[in-house]
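Got chain A; can you put chain B on it based on the hints?
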Amino acid sequence: MFSIEVKNLRKEFGEFVAVNNISFNVKSGTIFGFLGANGAGKTTAIKMMSGILEPTSGDAVIGGFSITNNPNEVKLIIGYMSQRFSLYNDLSVGENIDFFGGVYGLSGKEIQKRKEWVLEIANLKNQEKVLTGSLPGGIKQRLAIGTAVIHKPSILFLDEPTSGVDPLSRRSFWELIHNLSSEGVTVLVTTHYLEEAEYCDDIILMDAGEIIANGSAKEMKEKYLKNDILEVECSDVIAGLEVLEKQNFVEESSIFGNNIHISVNENLTEKSQIKDLMESTYNIKVKRVEKIVPTLEDVFIHLLEKRKNDK
Amino acid sequence: MTNRILAIIKKEIKQIRRDKRLLFVLFFFPVFLLIIFGYAVNYDVQNVKLAIMDNDRTATSRKLIRSISSSSYFEIVEYYENDKRGKEILDEGIAKGVMIIPKGLEKDIYSGREKINVQILIDGVDGNSATIIQNYSLAAIYAFNNKLNQEVSQKIGFKITPPIDLKSRFWFNPLLETTIYLIPGLIALILIVTAVVTVSLSLVREKELGTIEQINVSSLSIFELLIGKLTPYVIISFVNAIIILIAGFILFGVIVNGSYVLLFLSTLLFLFASTAIGIFISVISDSQQVAFSLATFVSLLPATLLSGFIFPIESMPEIIQWSTNITPAKYFIVALRSIIIKGTGLQAFWEQWLYMFLFATVFLLLAMIKNQKNLKNL
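Chains as they are written, first to last, in the numbering used here: chain A, 1 to 311; chain B, 1001 to 1378.
Chain A on its own, in the form it takes in the complex (with noise of 0.2 Å):
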């Protein structure tokens, strides 16, 4: 059961295409993440999905209604939620709860209802009056979530929502966006922070409007890197990596930190093979050479490259 089927779905700005007939399905009550780089057509893709947009062809059936023939409907079952946490800072907390409350046509006592639970989920008990601007971003962020999900919507756009918020905060943040998924809401999230991807039951990653891979975050690793991935310690990182980017058991090469990654073929026999080539030739000294297991930031840069290559 799908709670979000994108069939084909276009944006073009004039002549540059933000989003190319892309299609994808989500499964209800689950996580998905939607990844790319800025500019990759995200935010536009969806506000195209949360009916603020209207696309230029293709559609998308959001909770059993089109985008295109049925945009009221679909606003009434979803939540949206900016990475500008389009709070009013002028308005105290209680009244920017009661402002949107009102504003999806809830009444007075349900407003109430939901008011404690808003204020509970945001740490913000007893703290009703106080202005909204003067709150630290991670708590903005909690009362901007719980804002737009003050109608109980079954759908949860979250465009960028952890943007310029501290780690400790983005963790928490998580954690209860797995609560509502456990509730059963569906939630759809953008971002560039790859790391936050392995929260997601499922991805996919968007480059230049198009989707180029797709998959829970194990079977891309899977899926899309055949090759080991090893990490290079060594004494200069540049150099290292400017001496292995020319070995023909490397594919791709990469800085990580203080270390190297590269993808290596079947032309690589042994590890220490790198350690003795690189010491003895080049005179880098290298403390460890170790097989890893490949992170998504590896099979986006893998992804990423390859598809550079092949243009």
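One thing to keep in mind: the hints can contain errors.
Stated by the list, open to error - Derived Cβ-Cβ restraints for the label pairs, each shown as a range:
1. Leu131/A <-> Phe1264/B: 23 to 29 Å
2. Glu120/A <-> Ile1326/B: 31 to 37 Å
3. Glu128/A <-> Leu1023/B: 21 to 27 Å
4. His178/A <-> Phe1264/B: 53 to 59 Å
5. Glu128/A <-> Phe1264/B: 37 to 43 Å
6. Gly164/A <-> Leu1251/B: 49 to 55 Å
7. Ser107/A <-> Ile1326/B: 44 to 50 Å
8. Glu128/A <-> Ile1222/B: 29 to 35 Å
9. Glu54/A <-> Trp1350/B: 38 to 44 Å
10. Val1290/B <-> Asn123/A: 35 to 41 Å
As the list claims (entries may be wrong) - Subject to a maximum C-alpha distance of 25 Å in a straight line, what follows is the list of computed BS3-like cross-link-like pairs (lysine-lysine):
11. Lys1084/B <-> Lys1049/B
12. Lys1103/B <-> Lys1084/B
13. Lys1103/B <-> Lys152/A
14. Lys115/A <-> Lys1010/B
15. Lys1014/B <-> Lys129/A
16. Lys1107/B <-> Lys1147/B
Just so you know, the hints here were simulated from the structure itself, not pulled from any lab data.
These numbers were taken from a predicted model, which means no experiment stands behind them.
Note that beta-carbon positions come from the ideal geometry of N, C-alpha and C, so glycine has one too.
Showing chain B alone in chain A's frame:
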């Protein structure tokens, strides 16, 4: 639907109440403008400074001078002796005019000479005042002539009266007070500026903050949004109009002669047209800064210069006259003057209502067309 509109109205009022700067502008601005325009903009010419060179120095010349100085129009600041000084007086602006009474005035009058010339040189820099000074001095000389004729004819036992005497009375504004003429225009000016500026700012602010997106994903319709957002500003505008009317009465004694119902309805229509401009501006601007500059420019300038508020439209060149239609203030002022000063009914200004309605419709349509690509992103 009413619940949702109410939620927006409540929120908007809370925001306005918390914005001290906006409150100050909204309520101080009208009184400030009223005082400035009421006291500073005045076409009534009084106490014009005049210098006189009396070359005759007889009882008759002194009588002439007295009849001029006794009116409140002229104030004689200097009697001087030679032409050189007369030039100085005009050059340095000591007086707005110098009057030269020729030698032999008395003698010539009583010897029955045909034409006696008294000269007045007027500072013509401000053409409007200069014309008025000329008319005042003509009237003063005319009155003097009449008096003299009567005296002479009485002496010889004859009664001579001029065949025609023009009796003029000014209707609607009997004392020709400028403020009475200005107050309706002032109401229009203040309302259009506050309406256009506040409406466009309040809409663009939502765009800038991104809150408009949050509203757009709710099932709120654009119609509900606009009603909710505009209502508080329309109410504030009415309060403003009332403030101006009360202040106008207290400070300048201006009263409403016509129907308050018509006044209310005209104002409502005018606000409809003004907010339509505000909506249009908010559609085409992306930041509050742009919206503010555009809104003040588009509302203030035409409403001051082209609306007939200060400068009569009939005396403008035809092409400018045509361009006066870009401000709804033009129509509103006609309606207001009819209601407040003349006290006339709808028959005198129904066309103005029609124009205002058309104006609002056109601007709302323009806003919709401009917004169509991105219908919900106001």
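(Q) I want to verify a distance hint. Is the separation of the beta carbons of Glu120/A and Ile1326/B within 31 to 37 Å? (A) The hint (31 to 37 Å, Cβ to Cβ) is violated, given that Glu120/A and Ile1326/B are roughly 55 Å apart.
Q.
Checking one constraint from the list: CA of Lys115/A to CA of Lys1010/B, max 25 Å. Satisfied?
A. holds, 17 Å
Q: Given the hint of 35 to 41 Å, check if Val1290/B and Asn123/A actually sit that far apart at their C-beta atoms.
A: holds, 38 Å
Q. Measuring from beta carbon to beta carbon, are Gly164/A and Leu1251/B in 49 to 55 Å?
A. The hint (49 to 55 Å, Cβ to Cβ) holds, given that Gly164/A and Leu1251/B are roughly 53 Å apart.
Q) That 29 to 35 Å hint for Glu128/A and Ile1222/B (C-beta), does it hold up? A) holds, 31 Å
Q | Given hint Lys152/A paired with Lys1103/B - CA-CA distance at most 25 Å | A | Violated, because 101 Å separates the two Cα atoms, which is more than 25 Å.
Q: Take the C-alpha atoms of Lys1014/B and Lys129/A, compute the straight-line distance between them, and say whether it is at most 25 Å.
A: holds, 13 Å
Q: Take a quick look at whether Lys1084/B and Lys1049/B sit within 25 Å of each other, Cα to Cα.
A: holds, 18 Å
Q | Range hint compliance [Cβ, Glu128/A to Leu1023/B, 21 to 27 Å] | A | Given range 21 to 27 Å: holds, Cβ gap about 24 Å.
Q: Would you mind confirming whether the straight-line C-alpha gap from Lys1107/B to Lys1147/B stays at or under 25 Å?
A: holds, 17 Å
(Q) 37 to 43 Å was suggested as the range; check whether the CB atoms of Glu128/A and Phe1264/B agree with it. (A) At roughly 39 Å between Cβ atoms, Phe1264/B and Glu128/A fall inside 37 to 43 Å, so the hint holds.
Q: Please test the hint of 44 to 50 Å on the beta carbon pair from Ser107/A and Ile1326/B.
A: For Ser107/A and Ile1326/B the Cβ distance comes to about 45 Å; the hint holds.
Consistency with the previously given hints fails for numbers 1, 2, 13, ordered from lowest to highest.
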